[in-house]
Every structure is written in C-alpha cells, then in structure tokens.
Amino acid sequence: MIEAAGLTKHYGPTVAVDDLSFTVEAGRVTGFLGPNGAGKSTTMRMILGLDTPNKGQALIDGKRYSELKRPLGTVGALLDAKWVHPNRSARSHLRWLAKSNHISDKRVDEVLEMVGLTAVAKRNAGGFSLGMAQRLGIAGALLGDPKVLLFDEPVNGLDPEGIVWIRQFMHRLAADGRTVLVSSHLLSEMAQTAHELIVIGKGKLIAQTSTEQFIKDATEDNVRVRSPHAVKLRELLAGSATVTSDEVDGALVVHGLDPASIGDLAAANGIVLHELSPQRGSLEAAFMQLTKESVEYHAAES
Amino acid sequence: MDQVTLLAVERIKLFSTRSPWWCMALAMVITIGMAAVIAANTDERFPLSVPVSQGFTNFGMVVIMVMAALAVTTEYRFGTIRSTFLAAPDRVRPLLAKTTVVALLSALVGEVIAFGSWGIGRLIKPDADMALNSAAEWRNVAGTGLVFAFAAVLAVAVGILVRQTAAAVAILLVYTMLLENLIGIIPTIGPKIQRWLIGRNSDHFLTAGNESFISEGGGADQPFGPWGSLAYYAAVCVGFLVVALVVAKRRDA
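If you're matching them up, the sequences are chains Y and D in order. Each residue of the first sequence is one higher than the one before, counting from 1 in this note's numbering. Each residue of the second sequence is one higher than the one before, counting from 1 in this note's numbering.
Derived by calculation from the structure, the hints in this document are not laboratory data. Here the structure is a predicted model, which means the values were calculated and not measured. Keep in mind that a hint or two might mislead.
Distance condition first, Cα-Cα at most 27 Å in a straight line; then the derived DSS-like pairs of lysine-lysine [unchecked claim]:
| no. | chain 1 | residue 1 | chain 2 | residue 2 |
| --- | --- | --- | --- | --- |
| 1 | Y | LYS63 | D | LYS125 |
| 2 | D | LYS249 | Y | LYS82 |
| 3 | D | LYS125 | Y | LYS55 |
| 4 | D | LYS249 | Y | LYS69 |
When you get a sec, could you build the whole thing from the sequences and use the hints?
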C-alpha cells in the first residue's frame, strides 16, 4: 500500500504538487491520471525518495522509502526506460542493480525471460527500441520480486502489441496481490488498464474513485429522441428531465431520463417514436472537460 | 546494504562499459611513451635519472581524472544515478563505494605508469643511474599511485557537484593545466598563493629531494615537507568529496 499525505513540491515559484493526498491499495491496478505537467512524475519521485517534498510525506507499507532495508525487494519502479547506460549490456545493467540488493544472477536471467529479452541480453541497451527499453525497465522493477510497483507512462511510444502486453502484465501483477500504480495522461488507456483512478491536475487531486464510477460521473448520458409528435413529447418530458433540441435535425436531446422511461412515457400517451438512442459522451471529452482548468499549456483555440 | 556489496556494484558498473578501459590505456600509453621519448633523447649533458623518468606522470594523471569524473557524470547523463539511489537510498554509501573503486583503480594505474616510465628508461638507457637507492627516489616513483588516487577523489567530487561531463572535465583541465601555473604570475601574492595549491603540494611530495635538470626538486618555499604536502593535498581532495556528498544527499536526484 502507498499512502501520500499532503505531498507538496515547489520548484522556485512554481508549485508542481500541491497538498496531494491519496492511497493506493494492494491487489488492484491504480491509474495515476493527469495531463502532461500535472505533477505525476514529481509525485512518483517523491514516493521513491528521489525528490524531497517541501511538505507532507509518502509511505510505502508504513515506511518512508529511505527507511527500507532492501528497497528493491519492497518497491520496483520504472520511471524512465532511458535510464540505462547505452554501452552497457542489458544483462550487465540488471546485474549491477541485482547485486546492490543481494539478488542473485539467476534472478536476473529469470526476469529477462519474463519480459522476453533473453535473446538480446548481451546486446548494448543503447541499441534497444523503445519497446525493448520499456521491457528492460520492467525487468529491473521486477528484480526484487517487490510487493509494490510504480510505472511512469509505461506505454508511451509502444506499439499496440506492446501496450496489450504491458496491460496484461500489470493485471497479473495486481492479481498476485501486489500494489500497482501506473501513470498516464491518456484516460482511454487507463480505462482499460486501471481498476481504480487517482486523477490530478496542476498538482492537485481532482478525484480518487473506481474507474467505472469515474467514467459514469464524467460522461453525460443523453438520449436522442425523434418523433412526429415532438412538441407534445417535449411538454410531457419537461417535468422530469431537461430537454434540448438538436440544431441540425430537430431531434430532442433528453438528459436525466433513461431510454426505457422515455419509451414507456411515449407509449402511455400514444406518441410514435422514430428514434430512441442513448448517447455516451467520449471518455477523452469528459477527461478534458474535467481537467480543462488544470492543463498547464493550452494550445491556442482557433 | 553493506559496503562490500556496494563496492562490487561499482566495480561491475565501471568495468561493464568501455570508456574506463580506453582512459586507462590512453593514460599509460601517453605517459610511458613520453618517458620513452625523453629517455631516448637524454645524453651526457642532460642525463637520464629517476626524476627525469618521472617528469611526465602528470599527463597520465589528467587522463585518469577525466576517467574518474566520467564515472560520475555519465551516471547523471544517463539517469543511472537515480537507479543507484533507488537501490541504495542512503546515497552517501554508494557514492563512497564509487569513489573507493575509482581511487583504487587510479592508484594502480599510477603505479603502472610510474614503474613503467622508470622501467622503459632503464631499457632504453641501461647505463644511466636509474637505481632506486634513496627514500626520496622511492617516493618519486612509488608515490605516484597515492597522488593519482587523491586526484581521482577530487575528480569524482567535482563530477558529483557539477553533474555534467563537459563542465566537470573543463573545470579539472583548466585548473590543473592552466590555473595552477598562471596564479604564480600574479605579482607578489601569486607565489604566496601558489604554495598552497594542491598540484604544487602533490608535486612537492613526489619531487622533494629529487633534483634533476627538469625540476628543481627542493621546493624550499613550500609550507610542508614531502609527507606533509601529501597530507595537505589529500585533505583538500577529501574535503571536496565531503562537500559533494553533503550536496548529493540534500539535492533532488
């Protein structure tokens, strides 16, 4: 379990993370979501003791990172797949990491096998594609068989096959009872990977909720209704829902009633319906709506 | 994590890339090659002697300092320092382990260079007086390893402080090759300051009592004797390391 309490980080006058508190539970994949520059990486670095918070603290299973005796055996992290020496072989890279925490060379070969890099273990990491580098980073995170795992934007730049692989891998890790925190700036990706979401913008917590609930709350459920008796239907609906007209074809857009109730109401009043279709707002649109206020760099609207 | 393990980690890191090997080879070839050229050009008027054979070990030392600085700055450049700090969050101990490995290796290279330069002189001019028959002569040759080791400590400290290869190498080269000598040009106070500079003190440790046509040896105006000079030089290098470790501990990685 990871607990962040009042984490705050300033860089000069810029507040990167602002009084951020959340918990990450074991046994599920928790998505750490926010636009670029929201403070996700800074927060992860503070959890891992690389950056010192100005205020607040982060605890991993009740301890600060710096208090861990064999840190790699408790926490595995992939913050940046490029954190390897380009002229060092994949195996040498893992060997020095393993050695530092009394992990055997046998385990090095095991994790290489797990991420599918055995064949290229002797090749220099500098020649790796981004996908291979991400796999090497994940192998490094898994070395100590840790209970807590942190991945910062692990699918960035991966091909679809790699994305599916990482997604399944995280689900397996969570199913083993591990704590998995994965950051991303893409809600569509997180919707398929994470069970739980921590959403931040401009360093502040926007929401911590289950992915399902988040999507339900964030997207507006509208129902499109077309009827030759639109005016009468509109009067009937007015009491229990908000109704607007589609400017293009004059269809009614009903918000606040589900399609079944609208159908029942129409039937009870002998109104013919030509269309009754639920409309789900897109996830990205909802996410952008939610974080609009907190995006650091806006593109100029044209 | 025990220190022995961290030493092994730093050994793996250092030897699993090529640049340290290149730096070490370069340092040996340049210095011993130079000693060979000098030895071949000595004659009765300018005879080969122990101090003459050791006159160019500073060239090798500069290359070794570059290697030592690179051992740190490449870690910052490629982000592996963060992986190191994740594996050993204490920070001071992995950096101390790195310093130890680099310093020991530099000492070894220093000895190879010193005895190599001396040996090649003996080969080229078998008749020259190259016997090591005084404490001063032994210090001149065998002391080179100590000087190299603390030079490496200083270079590691500078690497930790500035974190960038270009900056660290520039600082080390400009200081050792230019500033040390230029300060002496300043009227009146220049020579007074110069007595306290680290290069002057490490040179004094090696050359005191070893007069030859290329060096005055003596250094009568130095504040310390040869071993005092070494202690002062070592203390300054270690002092820089302590500052660097404190900074690394407090700074965001």
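**Asked** Within 27 Å, alpha carbon to alpha carbon, are LYS125 (chain D) and LYS55 (chain Y)?
**Response** 70 Å, violated
**Asked** Taking only the CA atoms, is the gap from LYS249 (chain D) to LYS69 (chain Y) under or equal to 27 Å?
**Response** It holds: about 18 Å lies between the C-alpha atoms, which stays within 27 Å.
**Prompt:** Is the Cα-Cα distance between LYS249 (chain D) and LYS82 (chain Y) 27 Å or less?
**Reply:** 23 Å, holds
**Message:** With the threshold set at 27 Å, check whether the alpha-carbon distance from LYS63 (chain Y) to LYS125 (chain D) stays at or below it.
**Reply:** Violated, at roughly 68 Å.
When each numbered hint is compared with the structure, violations occur for hints 1, 3.
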